[in-house]
Each structure stands twice: as structure tokens, then as C-alpha cells.
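Engineer: Sequence:
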Amino acid sequence: METEQILDTHLQEPQKRRRALLPLWIKVFTWIFLIFGAVVPIALVLGILGINFNLSLFGLETTQVFSIIGIIIVLLFAIKGITAWGLWTEKDWAITIGQTDAIISIIICVVGTFIDTSGGFKLTVRLELIPLIPYLIKLNKIKKLW
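Take the sequence shown: its position 99, counting from 1, is numbered 99 in the numbering used here, and each next residue is one higher.
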């Protein structure tokens, strides 16, 4: 009887990986943001040491890590890195964090379309919206299966 139970558990259909629900383009962006997320601590250390470098995301640009825009950019990269790690490691919370990340990113892109970080008004079409909107739609579709 015990042998039958062991065989039944091993002969059952293998579970599909959650990662298989993600299309290739999301997997590519996942790896890109895993790398950027790993760079966040390095950026913070360089900022503490007073070394300035270019930071840019969704139309936000700065050369100082510890400015308001710099902190926002670093936090965005950190959130994207955490989201990427959660998606790649198939965590239960990954889709929810991904949806939150996508919504925040879309809002920043839309605001960045009209406001210049130097304080003026501009009208720039943010191409980042092209992958962000399908990303949010895809996450909404796979949430129940995740």
C-alpha cells in the first residue's frame, strides 16, 4: 500500500513552472532589471562617496544620487529589481508587485511626458509606455494562474 502511494506521487504529471507563464520579452526585461537591481547598492555607495554619474529612467534624469530625482530613480530601479527577482524565482507576491511597479511606472511616464526635470513644461512622447502597458495587461491575465 505504501509503495503504491509513493509511485502515485512520482507518476503524477509534473507541475508547470510559473516562469513558463511569462512570455520571452518579459523574461528578457526580467534579466535586465535583475542586473539594474544589483547595481542599486553600488550606486548608493558611489553616491555616499560623492561620485556623481548619470541616472535616467522614464524621463527623469540627474547626476546626483542623493537628490530628490536621484532617490526616486534609485527607488524605481530597486522596485524593478525586486519585481524581477520575484518573477524569476516564482514568488507568490511577484505578480502583485509587478502590477504595482507597472502602474507607478506608467504614471511617471505620463507625468514625464509633460514636465521637464529642470522645472519647465515640455511635450515628449515616452516610448517606455510601449512595453509597460502590455506588461501590465499580461500580468493581469496570468495573475489567476500564478
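These are computed hints drawn from the structure, not numbers from a lab. Check the hints yourself; a few may be wrong.
Here are the computed distance ranges between Cβ atoms for each label pair [unchecked claim]: (1) 38 <-> 103: 17 to 27 angstroms; (2) 110 <-> 78: 34 to 44 angstroms; (3) 114 <-> 48: 27 to 37 angstroms; (4) 61 <-> 16: 15 to 25 angstroms.
Built from N, CA and C at the ideal position, the CB exists for glycine as well.
Engineer: Would you mind marking each hint as holding or not holding in the structure?
Structural biologist: These are the hints, each one checked on the structure:
Checked against the hint of 17 to 27 angstroms, the C-beta distance between residue 38 and residue 103 comes to roughly 24 angstroms, which is consistent with it. Between residue 110 and residue 78 the C-beta distance comes to about 21 angstroms, which lies outside the given range of 34 to 44 angstroms. For the pair residue 114 and residue 48, the beta carbons lie near 33 angstroms from each other, so the given range of 27 to 37 angstroms is met. Remark: the range hint 15 to 25 angstroms for residue 61 to residue 16 is contradicted by a beta-carbon distance near 42 angstroms.
The structure fails to meet hints 2, 4 from the earlier list, while all remaining hints are met.
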